[in-house]
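**Student:** Turn these sequences into a full structure, and let the hints steer you where they fit.
If you're matching them up, the sequences are chains A and B in order. Going by this note's numbering, the first sequence opens with residue 1, and the numbers climb by one from there. Going by this note's numbering, the second sequence opens with residue 1, and the numbers climb by one from there.
By construction, these hints were calculated from the structure, which means they are not laboratory data. Heads up, the beta-carbon is just placed ideally off N, CA and C, and yes, glycines get one too. One should not assume that every hint holds.
[Unchecked claim] Only pairs whose alpha carbons sit at most 25 Å apart, straight line, appear in this in silico SDA-like list of lysine to any residue:
1) K130/A to K160/A
2) K207/A to Q39/A
3) K124/A to G279/B
4) K294/B to S62/A
5) K108/A to G288/B
6) K221/A to A259/B
7) K124/A to S187/A
8) K221/A to L258/B
9) K192/B to Q249/A
10) K158/A to I139/A
11) K135/B to N98/A
12) K175/A to D262/B
13) K149/A to T274/B
14) K221/A to G73/B
15) K124/A to A259/B
16) K60/A to K249/B
17) K294/B to A245/A
18) K244/A to I282/B
19) K56/A to T263/B
20) K249/B to D61/A
21) K124/A to F112/B
22) K442/B to D215/B
23) K181/B to N98/A
24) K124/A to L291/B
25) K115/A to V117/B
26) K277/B to L258/B
27) K124/A to P278/B
28) K158/A to E177/A
29) K124/A to Q39/A
30) K244/A to F198/B
31) K294/B to R107/A
32) K277/B to I234/A
33) K135/B to K174/B
34) K244/A to D293/B
35) K130/A to A280/B
[Said to hold, decoys possible] Reference listing, derived: stretches of chain A covered by chain B, where coverage requires no fewer than 3 residues with Cβ under 8 Å from a Cβ of chain B:
36) 222-230
37) 234-243
[To be verified] Pulled a few chain A residues facing chain B out of the computed Cβ check, cut under 8 Å:
38) T63
39) G89
40) S106
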Amino acid sequence: MKGIRRVLFLASAIVLSGSFLWAADPDFHQILRTIDAMQDFGGLDYSAVYTIVTQKPGEKDSTTQARLFRRDEHNQFVLLIMLPEVQKGQGYLKIDENVWFYDPESRKFNHSTMKENISDSKAKNSDLSKRHLEDDYEIASTSEGTIGKFPVWVIELKAKTNEVSYPKTRLFVRKDETMVLKQEDYSVSDRLMRTTLMPKYTRVGDKLLPSMILINDELNKGEKSQLTMTEPSIARLPDKVFSKAFLEQVSQ
Amino acid sequence: MSVLFRIALRNILEHKSKSFIIGAIIALGVVIIVVGNSLMDSAEAGIERSFIANYTGQVMVTGIAKGTISLFGVQSPGTREETPVIPEFDALREKFAQDPQVRGFSPLVTGFSSLSVESDSADSADTSDDSAMGKFTLLFGIEAEGYHKLFDNMKLVSGRYLRNGEEGILITRKRADSLKKSYKRDFVVGTKILLNGFGVNGMKIRELPIVGIFDWKQENGGTDFISYVDVQTLRALNGMTVGSGDEVKLAPSQTALLAATDTDSLFGGDMVDTGVKPGAAITERSIGTLLGDKAANAASRPAIDTGAWHYILLRLKPGVSVPRYIASLNLWFAREGIQARAGDWQAAAGPYGQAIDVVRVVFDVAILIVAIVAIIIMMNTLIISVIERTSEIGTMRALGAQKSFVWRMFLTETLTLTIVFGLVGMVLAGTVVGILNVIGIKASSSFLEILFGGKVLRPVIQAGSLIWTLVMVTVVGFLAHLYPVAVAMRIPPVRAIQTE
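**Tutor:** This is the structure in structure tokens:
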């Protein structure tokens, strides 16, 4: 009888401890590191074409197409505008902390920022660059929720630096697989500025990248942009791509 | 002299102290209103003169937009709206050139830009908020020679005006100093400045030499922001092109998310898309072809619209009524089917013009408060005065005086007091304004300089203001006598006679 009791006690202890383990929150810093790593190509180069269609009430849809080049190992970023015609050949170049904007009509560079909107869309340069969530933000709070059919962790982040586009951000991360489904960006006064939805991802090498993104402007209701990624590649890019000379040459 | 007036005069003289108190209140109210009005009117006239002479002209002609158009762009709640281009510009130009009422006119394009210099590192620039404001400018794109003939608004510190067709920029000495502080280098005639335009068609960069540095002859609202450039450069910065260029063919999937009303429904299926085709490798050789055929690109790039203007600013000949001219112009636009609109200097000055209305409303509210206080004080004094005379009223009524006679008697008394002391107040106000006019009120800050429309305010009294004030105090006197007399009338004559 004693033996049976011991076995039952042991079994219930195992079950209880298991359920406690099951209910325990995950390491949210690890989730941020995973998100950062998911889009960090490290020693590889990354390029893709992004088509951005922007809708504004009462206006014709506008389309911007840009080719993105990244060398994350050296924190280098180039965005070459291909459409509309009036902006063809314009580009952004980021080397270390310096960001330049290039205008092929005047063949001049000017200082810019990663916070700059791409063309007249709702997307910013920083949306396409390597993320540094773990370095740029601290976790303010966490909770649980659901997006569509997916249970998610809701992680509220507060910026540690002025370099980021928004001082407060709320990420909705899938529980079963680390994928950001939704992102809400807030102002310092907690006003919702922008909501970004990432319902489609694609594998590029061993990384998972959002291939379709919807950005809603929460300040100007009804204004939104869809970003669609095509032609992803992790083939080595010529070094020249990450230089002013590249932007000058490509539109000459 | 009528009986009523004689009785009124007798009563006023009999109750000297009370009459004097009421009269003093009326006179003080008149002094406040007349002096205040004269300061407001003179400031308003000064502001109007300085805006018209500086950069608005008397009439501004624009295209039509959903929002309100001023020289600072279109104010559209919640969205950014492009300043419309004036339709049928050549027809309008011809009309104004032949119009005998028009002294002169000048077309204009405006746009916002930041100013910087070419450098390899962002570290060389001061990035403080103050510095950012110093680098931000409202550009006026002008047809140089015609513009400077119409607006004699600047004193050149160095360099010269722009010439027609010449590319360059004119900046104020204040801005040159502010840029020097930001970039730690001199900004003098010949220095090349990078202009970063934020047009509706995205960002554009142009480099221009400083052709002239100037001081405003008279600063007012908005002048701190303005720099002058040749119109063609500003059209390029604004992205004012002929035709939009391209119709882009999109796959349905590239707009699928935009149509979603229930965003949760986007997260129902498999999230990983395996259908995205990988791109081709990019090599040194393929770099040159990334943007397609260069000759075709050059041919399809939308050209700058060399005939596009946002505004025509007009100055009229002396004696021409501006409101009437604007009304007739708007009628003509409607008749000819031209999608244009004419407005006055205040519309052109945008937020600065509206600020004057705000000041005027605040002043009017203050006057209203003064009037209400004056009515209450007069009413109280009259109540005491009337109650003291209750037995007199009772006796008059007992002797057969009708209610209407007593009413008229008090009304005549009040109006006599109001008009006499109102005139005394006007004489006092005239003296105060005369002294202020001779001395002149100096603007001790740039804010007051904007408010005064110049460095010194010399107030003058307008005849209309005097008439308006006299009417107002008469109405105040009339209103103030109603209640106390009504109180006295309610007392029966027998009781009234018994009252001591």
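**Student:** For each hint given before, does the structure comply? Return the numbers of the non-compliant ones in rising order.
**Tutor:** The structure conflicts with no hint, since it agrees with every one listed earlier.
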